[in-house]
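**Q** One-letter residues, chain by chain:
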Amino acid sequence: MINSHIHTFNSQYTPELFVKPFIKNAPNWLVRLINTVLDNKLMAFLLINALRLNKGGIGKYASFIEIGILSSQEQIFEKVASAYPADTKFVVLPLGFENMGAGNVNIPYEEQLHDLFLLKRKYPSRCLPFVFIDPRMGTATENLNFVKYYIEQKGFMGIKLYPSLGYYPFDNRLELVYKYADEKEIPILTHCSRGGVNYGTGKVGEPVAEFVTPKSFNPQPVAQNDPTIKYISTVGKYDFTEEWESLKDYARFFDNTCNPDRYVDVLKKYKTLKLCFAHFGFDDQEPTDENIIPEWHLKVLDMMEEYPNVYADISYALATKKFWTVFNNELPTLSAKQKDKILYGTDFFMTLQEEKGDEKTIFQKSINELGSYFGQISNENSVRFLTSKIWNVPPY
Amino acid sequence: MFSSPVIDTVLSIAFIYFIFSVITSFFVEYLTFRRKQRGIFLYQALSKVLQDNGINKKNFTHRLYEHPMIRSMKESNEEFPSYISDTMFSQCLIDIVIADQQNTTVSQDSNNQFVFHSNNTVHPYEAFTNAVQQLKYSDLKIFLETFIHQSANISAQSSTSISIDRSSKQYELLQSHIQNWYNSYMDRVSGWYKRKLSKMLLFGGILVAVIFNLDSLVIIKRLWVDKQLRETLVKDANNYIANNPKYEELANKNPNKLISKIDSIYTIVGLYNLPIGWGNEHDTIAVNKQHSQIIQYSDSNIYKKIGWYLMKVLGILLSGIALSFGAPFWFDVMNKITNMRKAGIKPKTT
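These protein sequence lines are chains X and H, in that order. Everything in the first sequence is counted per our numbering, starting at -8 for the first residue and increasing by one. Everything in the second sequence is counted per our numbering, starting at 1050 for the first residue and increasing by one.
No lab work stands behind these hints: they were computed from the structure. Note that the structure is a prediction, hence the values are computed from the model and not measured. Check before you lean on any hint, since a few could be wrong.
[Said to hold, decoys possible] Within a straight-line C-alpha distance of at most 27 Å, the following computed DSS-like cross-link-like pairs (lysine-lysine) qualify:
| hint | chain 1 | residue 1 | chain 2 | residue 2 |
| --- | --- | --- | --- | --- |
| 1 | H | K1243 | X | K32 |
| 2 | X | K313 | X | K175 |
| 3 | X | K312 | X | K260 |
| 4 | H | K1085 | X | K70 |
| 5 | H | K1085 | X | K32 |
| 6 | X | K32 | H | K1097 |
| 7 | X | K347 | X | K328 |
| 8 | H | K1243 | X | K139 |
| 9 | X | K170 | X | K380 |
| 10 | X | K145 | H | K1190 |
| 11 | X | K347 | X | K313 |
| 12 | X | K113 | H | K1248 |
| 13 | H | K1245 | X | K139 |
| 14 | H | K1123 | X | K32 |
| 15 | X | K328 | X | K259 |
| 16 | H | K1243 | X | K113 |
| 17 | H | K1218 | H | K1276 |
| 18 | X | K145 | H | K1106 |
| 19 | X | K32 | H | K1248 |
| 20 | X | K347 | X | K380 |
| 21 | H | K1185 | X | K32 |
| 22 | H | K1248 | X | K145 |
| 23 | H | K1106 | X | K139 |
| 24 | X | K351 | X | K170 |
| 25 | H | K1245 | X | K32 |
| 26 | H | K1123 | X | K70 |
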């Protein structure tokens, strides 16, 4: 079986103001202080154990922080692997945070990839890494060469995108990457949830009517009438060093970049692009109301019907009660085309923030809820998604 | 035997500082050990030269510590080894620089299993040179090129040697130059670490002074007027020095002895009611010089109280600074004064 969505990066790869969106109205000095405290192993250890004292409350974050701060990529991988049968494969998704505007990182993104390559060398048939690309890393050609190097020479199996780090998926500096991926049938996995890194605790609320997105594939990556334009540099970097007036405004900007609608122009141009919308469009905006089906989820379902290679994974969402209620209701109504393109992934170790986010619990729950369909989404669908003209999924 | 109230007071206070300096040193050593400070400091020092997050986006320090040879020295993932030998450093550095550009590639065999290939066809010296040339122009590149230039200069003198021999010789020279640099850099790093430790000792000294209410001004006043106490401390200090002529032997070879001695002496300090520790009898102390007696001070005048607090802070700060000099310093002071009191006798230490 294949878990198509896990992370192994730790806090060493994140910038100094990374946690800012998670601490409502916190001034930068406080964010830096918290970062310094978390950087100190002894202080982090004390904090984690202090959190554990509050069972049922903020104590649930203890394991999440412990893994994120105190573990190496290898340890995180081995931790998640221990929850599964010995032959389970994992799609490992790195993230590069240098361009999100939140300051310097301790260890550059390329070192993260180097460590991931070493992990693959240790677990060649179980660790199936993707390479993350941010258009702000270089020119269109440089970005293509970067992706090609890791895929063709280092055995990385696909491409990871995370638009809500502050870029639009139709950025013209990604066009050659899409072209290459489409030709070689290389899978792309993109974050698609109204929650995550840059949302933090920010609730987006209703979309802003006058919010106009920039024209697709043009050299200007940011909408000029963006209400948060004052924070954004010309290359599309959101300036974390500004004291934000509104976390909501801030979250809205990223919400617009991450919306699955932003991929419409990409898919019109590259119709057979193999693209997986992670988290199936589920979000933290209305996490408990089971009557509200997330708008993005419905959009993703439509795109799966319309385009032959649009997939979705159920990662993170599967750790929430709401997802199972919605998904179990809609599963009988899905077409074969849609059912063939749903993937099992968990988003470990992000899921440890959820009350029932333990990996073994999630795994068992998924088997119980999906029955025989679990075999399809965790094996056949995943193998089809991961197989490209360059790499096949290694046998069990 | 030469003796004066001034010299005896100085010897007594040096003895007290010595006792509390040992406590401070233990406290600081414990903190640095618990926080693995030495290892972290070494990592940070190497990062200064091997980290290039900007231009090449490479952190060779991180890779160095991930090298199996160095990694095996870590007790756990969170720890950094506190010492890396020059040989190990040079071997690992050369390895990681070569590996960075060596282009280990991946393919799949007929069973779709991933296979890793390392294109290791050239001599390690050539591979190192090529790898450094591939780096973008940066401080890191200049730093690594220096070792190549040093090795290349020597090689020109032996240009008659055949290629393999020349490369091997260059490789040996490369290792040797890296080791030389590493050793001299480590000398500096040790100096930086000592400076950092001295800051920690100051912090520790002040903390110990606060915890024990070690107010130098009060203690000196008390020693000055209390002849009996002074003489007792002088006698104990003399005995201590006579029994333990060298601090290094005492501290390094028999730390338990040091602790037990300190323990017994601290008991004496307690028995003789030195003005140490938090209690009313010391907080409001004043001295009547004429009668060489201690009297209680119960003035409620606000200005005098403020003055008392200021003097208390000053007294504790002075003690903190004194303790930060460390136990060896105060042991040395005691030794010198003891020898001075024995007029005509040549000091034992040089």
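**Q** Next, verify each hint and record whether it holds.
**A** We went through each hint and held it up to the structure:
{"no.": "1", "hint": "H/K1243 / X/K32", "verdict": "holds, 22 Å"}
{"no.": "2", "hint": "X/K313 / X/K175", "verdict": "violated, 37 Å"}
{"no.": "3", "hint": "X/K312 / X/K260", "verdict": "violated, 37 Å"}
{"no.": "4", "hint": "H/K1085 / X/K70", "verdict": "holds, 25 Å"}
{"no.": "5", "hint": "H/K1085 / X/K32", "verdict": "holds, 10 Å"}
{"no.": "6", "hint": "X/K32 / H/K1097", "verdict": "holds, 21 Å"}
{"no.": "7", "hint": "X/K347 / X/K328", "verdict": "violated, 31 Å"}
{"no.": "8", "hint": "H/K1243 / X/K139", "verdict": "violated, 48 Å"}
{"no.": "9", "hint": "X/K170 / X/K380", "verdict": "holds, 14 Å"}
{"no.": "10", "hint": "X/K145 / H/K1190", "verdict": "holds, 24 Å"}
{"no.": "11", "hint": "X/K347 / X/K313", "verdict": "holds, 13 Å"}
{"no.": "12", "hint": "X/K113 / H/K1248", "verdict": "violated, 43 Å"}
{"no.": "13", "hint": "H/K1245 / X/K139", "verdict": "violated, 46 Å"}
{"no.": "14", "hint": "H/K1123 / X/K32", "verdict": "holds, 15 Å"}
{"no.": "15", "hint": "X/K328 / X/K259", "verdict": "holds, 19 Å"}
{"no.": "16", "hint": "H/K1243 / X/K113", "verdict": "violated, 40 Å"}
{"no.": "17", "hint": "H/K1218 / H/K1276", "verdict": "violated, 73 Å"}
{"no.": "18", "hint": "X/K145 / H/K1106", "verdict": "holds, 18 Å"}
{"no.": "19", "hint": "X/K32 / H/K1248", "verdict": "holds, 21 Å"}
{"no.": "20", "hint": "X/K347 / X/K380", "verdict": "violated, 39 Å"}
{"no.": "21", "hint": "H/K1185 / X/K32", "verdict": "violated, 34 Å"}
{"no.": "22", "hint": "H/K1248 / X/K145", "verdict": "violated, 47 Å"}
{"no.": "23", "hint": "H/K1106 / X/K139", "verdict": "holds, 18 Å"}
{"no.": "24", "hint": "X/K351 / X/K170", "verdict": "violated, 38 Å"}
{"no.": "25", "hint": "H/K1245 / X/K32", "verdict": "holds, 19 Å"}
{"no.": "26", "hint": "H/K1123 / X/K70", "verdict": "holds, 20 Å"}
Hint compliance for this structure: hints 2, 3, 7, 8, 12, 13, 16, 17, 20, 21, 22, 24 are not met, and every other hint is.
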